[in-house]
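Work the whole structure out from these sequences, hints included.
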Amino acid sequence: MSDRRVVVTGLGLVCALGENTEQCWSAAVNGVTGIREVSSVNTEGCYANVGAEVLIPSEKLSGEDYDRSSLLCIKAAGEALEDAGYKITSENSDRIGVIMGNCVGGAVSIDKYYSEKKKGCENPHDIYRMTASALSNNVAFHYGMNGVTANIVNACAAGTISIAYAADLIRAGKADAFAAGGSDAFSSLAFAGFHALHALDADSCSPFNRSGGITLGEGAGVLIIESYESAKARGAEIYCEILGSGVSSDAHHITAPRPDGEGQMLAINRAVANSGLKPADLDYINAHGTGTAKNDEAEFLSLHTIFDENDHLSVSSTKSMTGHCLGAAGSIEAVLTVMAVKENIIPPTIGYAPENLETLKEKAGNIDFVPNTKREKTVNFAASNSFAFGGNNASVVFAKNPHEIPDRTNSEKIYVTGIGELIGKPNVEITSDDYKQHGIKMAFYRKLDRFSQLQLISGVRALADAGITVSDENARDIGIVIGTADGPLTEIVNFQKNVIENGTAGGSAFSFPNTVYNAAGGYLSIFAGIKGYNVTNANSIQAGLQSVCEAADVMRNGDAKVMIASGTDERTEITDYLYSLSKDKIELGEGSVALVLETESEADSRGAKKLAEVAGWACAHKAVEFGTLKGSESALEKAVNDAVSAAGITVSEVSAVCGFANGNPDVDTLEKDVLGNIFGNTPVYHIKDTIGEARAASGAAQAAQAARLLADSGNDYRYVLAASFGAGGAYSAVVFKRV
Amino acid sequence: MNTEICEKIKAMLVENLRIPEDELEYDSELFGDDIGLDSIDSIEIIAGIDNLFGVQMTGAARENFKSIETLAKFVEEHQGE
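Keeping their order, the protein sequence lines are chains F and L. In case it helps, this note's numbering puts the first sequence at residues 6 to 744. In case it helps, this note's numbering puts the second sequence at residues 962 to 1042.
A portion of the hints provided could be inaccurate.
As the list claims (entries may be wrong) - Just the calculated beta-carbon pair ranges, DEER-fashion: (1) Gln1040(L) / Ser120(F): 33 to 41 Å; (2) Lys65(F) / Gln1040(L): 33 to 41 Å; (3) Arg979(L) / Leu365(F): 38 to 46 Å; (4) Gly444(F) / Gln1040(L): 40 to 48 Å; (5) Thr964(L) / Asn47(F): 23 to 31 Å; (6) Gly149(F) / Arg979(L): 41 to 49 Å; (7) Glu965(L) / Lys65(F): 36 to 44 Å; (8) Thr964(L) / Gly370(F): 51 to 59 Å; (9) Pro431(F) / Asn1012(L): 48 to 56 Å; (10) Glu1037(L) / Thr378(F): 53 to 61 Å; (11) Asp477(F) / Asp983(L): 35 to 43 Å; (12) Lys614(F) / Asn1012(L): 23 to 31 Å; (13) Ser610(F) / Thr964(L): 27 to 35 Å.
Claimed, not checked - Simulated pairs of lysine-lysine, DSS-like, Cα-Cα distance not exceeding 30 Å: (14) Lys1027(L) / Lys590(F); (15) Lys1027(L) / Lys299(F); (16) Lys441(F) / Lys615(F); (17) Lys123(F) / Lys65(F); (18) Lys441(F) / Lys1027(L); (19) Lys446(F) / Lys122(F); (20) Lys237(F) / Lys1034(L); (21) Lys969(L) / Lys123(F); (22) Lys379(F) / Lys366(F).
What the hints assert, rightly or not - One side only, chain F facing chain L, incomplete, derived with CB under 10 Å: (23) Cys51; (24) Asn54; (25) Val55; (26) Leu202; (27) His203; (28) Ala261; (29) Pro264; (30) Lys441; (31) His443; (32) Ala448; (33) Phe449; (34) Tyr450; (35) Arg451; (36) Lys452; (37) Ser513; (38) Pro518.
Just so you know, these hints were derived from the structure itself, not from any lab. The structure presented is a predicted model; accordingly, all values stated were derived computationally and were not measured. The C-beta atom is built at its ideal place from N, Cα and C for all residues, glycine as well.
Printed below as a string of structure tokens:
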């Protein structure tokens, strides 16, 4: 069992409750609220003005000139590393990676940039701080962690999915350890957005009680997660075990949860089953418990349906004290859940007046909702739930003692069975015919911003190309991984400009749901009816190819039979401007490319055409300053060598390479030097010559190009490798094999 | 029917709710099968009408939201209140 044990050895936490785990935990168990009058956002004209802000100014969090979300995360990660006693050395640095959850990216910097631009004193450096792609890189660079990175940008479920993914990668032997968690800073973007949706409570939020809306918070939670072997070798103290997790999609609505709780229950049931447990085994659940009527009703229903036979379950919503910290929420709650397991104390849900307790009794049934005061009891098994915009649900289980979990590894071959794309330079054109062709009605597509439009069309084209029809039978076994560099930046910027112009009370309810990076994946799941795994990773240009790696990881892990792996980025005014500042005029493109990956048995059962086998894949990161590459060559070398060796071949067997050169001399030289060293005279294809630097879409386009070369009988290639780079030193490589 | 008000409302719906202009008539059923608006869109309509005409539609009966015509009628009846 020991080789599958994943343990927590360090905790770091900063939120409105305090500046470290100890302070936050003490406040949480004592029912102290962090919710106060908002100070960092102008709430003039708003019906609500409370929030759960961290009272530490950005410059005191860490010394760098980064977005506040990165600084919060660096602070929490530092505490977690120290708590774990994890010394990063040149020998072990590439075995500890960073996977963080995030919702609003660099929203604080976007606000700052455009507010200053209005006055004519903007700082172009702030543009680098806008994307969520910078987060994990900044943390990795600060501490010299050189393992795999990802930024899980699934809105309010991000901080739970990041932990689940990190644990999966360790179990798969792809890393020894991760700093995993999430971070989000308090922003006018989120405040204006939830205000426009009338989703803010005018008073402190009151989950599972008044349920009058959320209270926003900010913070970061980081866990050091490692293999038991790694923890043992270091002599580290172990907090608890991480067991299984579950990730699902509602396929219902872009902001509201399914009223019947189907998606929530799928995530929770998967987490419980993947942990080798039954619902009756759980002692505590840290609920999503946002305090909106729709969330609380659906979650009540889900919890009652699954756990009514459990006579010892406690459930609490610590958001009643921390506020809703969006992309950090799951990670902050994970830290509190780990503490509950360690200390055998359950933090309460606060906010119940005496008369509310009577109503709670009726609604609670068999479940103890820990109203107002902590509960002391043995906590052997605990779960943390997170549900997000886009209909994403996630749940992860922690255990006090080692516990055998089922090995669901699926070692089948994985094939590319479909490709859908919409990519080009300088722009791609989308017409109503593109929607009509796939039966997408105006009432649906008019909601989408450009980023979501690109993603929806490539996704449905890929499914059609693969000949897959989503049905009640297969919907839960189909998943989505989307990679992006900059997400829906046009919609985010437009929303923010409007808030700067018209005040926080003037936010648009129509556009806000599209400002979350995972909206595109949400729309795709809603339209196509996909109910399985659904993750968006913002990790610079290479995220498009990393999506293939992550999708394949999910399938190996037994979590899906079919995955859509996609890379998507749009042309935006601001990225055009950023690239125009560079002396090297590279050609930008935009678009979305989606590949359908399928297990051998699934593909064979329906007689699918197989374009190529996904034979080996790997990601690597040598953290350098975000926006640069120099000094990260070793990570490209590692990603390529690891992918080749995972495919069970040697570099000499690779027939061709689909490269990432884009016309920037630094990028082109790095590719030429590293790949030239490894592959000698092997032919290298450069698809960006024709499609431009469409960032994550190009990364996925390289994978599509490799698969197509192998499906072509006009050459005798046997293995083709695709490799992609990301700003800050992230790389992915995938080896495809002729069928 | 006040076509000036209708035109302003139509432009607002096209701009704020990304409804294709050529598919939107004054009598198109906004929340029915024609255009398919939902509760989030109604928040945006309320904000848009307030911005354009200073007319509050919060809590107004559902039938007022039926089409551009009914919205215009409501605006006409409540303007300057």
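Status of the hints after comparison with the structure:
| no. | hint | in the structure |
| --- | --- | --- |
| 1 | Gln1040(L) / Ser120(F): 33 to 41 Å | holds, 34 Å |
| 2 | Lys65(F) / Gln1040(L): 33 to 41 Å | violated, 52 Å |
| 3 | Arg979(L) / Leu365(F): 38 to 46 Å | holds, 42 Å |
| 4 | Gly444(F) / Gln1040(L): 40 to 48 Å | holds, 42 Å |
| 5 | Thr964(L) / Asn47(F): 23 to 31 Å | violated, 39 Å |
| 6 | Gly149(F) / Arg979(L): 41 to 49 Å | holds, 46 Å |
| 7 | Glu965(L) / Lys65(F): 36 to 44 Å | violated, 56 Å |
| 8 | Thr964(L) / Gly370(F): 51 to 59 Å | holds, 58 Å |
| 9 | Pro431(F) / Asn1012(L): 48 to 56 Å | violated, 34 Å |
| 10 | Glu1037(L) / Thr378(F): 53 to 61 Å | holds, 57 Å |
| 11 | Asp477(F) / Asp983(L): 35 to 43 Å | holds, 37 Å |
| 12 | Lys614(F) / Asn1012(L): 23 to 31 Å | violated, 53 Å |
| 13 | Ser610(F) / Thr964(L): 27 to 35 Å | violated, 60 Å |
| 14 | Lys1027(L) / Lys590(F) | violated, 51 Å |
| 15 | Lys1027(L) / Lys299(F) | holds, 25 Å |
| 16 | Lys441(F) / Lys615(F) | holds, 27 Å |
| 17 | Lys123(F) / Lys65(F) | holds, 28 Å |
| 18 | Lys441(F) / Lys1027(L) | holds, 26 Å |
| 19 | Lys446(F) / Lys122(F) | violated, 38 Å |
| 20 | Lys237(F) / Lys1034(L) | violated, 74 Å |
| 21 | Lys969(L) / Lys123(F) | holds, 28 Å |
| 22 | Lys379(F) / Lys366(F) | holds, 17 Å |
| 23 | Cys51 | violated, 13 Å |
| 24 | Asn54 | violated, 19 Å |
| 25 | Val55 | violated, 21 Å |
| 26 | Leu202 | holds, 7 Å |
| 27 | His203 | holds, 7 Å |
| 28 | Ala261 | holds, 8 Å |
| 29 | Pro264 | violated, 13 Å |
| 30 | Lys441 | violated, 12 Å |
| 31 | His443 | violated, 17 Å |
| 32 | Ala448 | holds, 2 Å |
| 33 | Phe449 | holds, 7 Å |
| 34 | Tyr450 | holds, 9 Å |
| 35 | Arg451 | holds, 4 Å |
| 36 | Lys452 | holds, 7 Å |
| 37 | Ser513 | holds, 7 Å |
| 38 | Pro518 | holds, 7 Å |
Hint compliance for this structure: hints 2, 5, 7, 9, 12, 13, 14, 19, 20, 23, 24, 25, 29, 30 and 31 are not met, and every other hint is.
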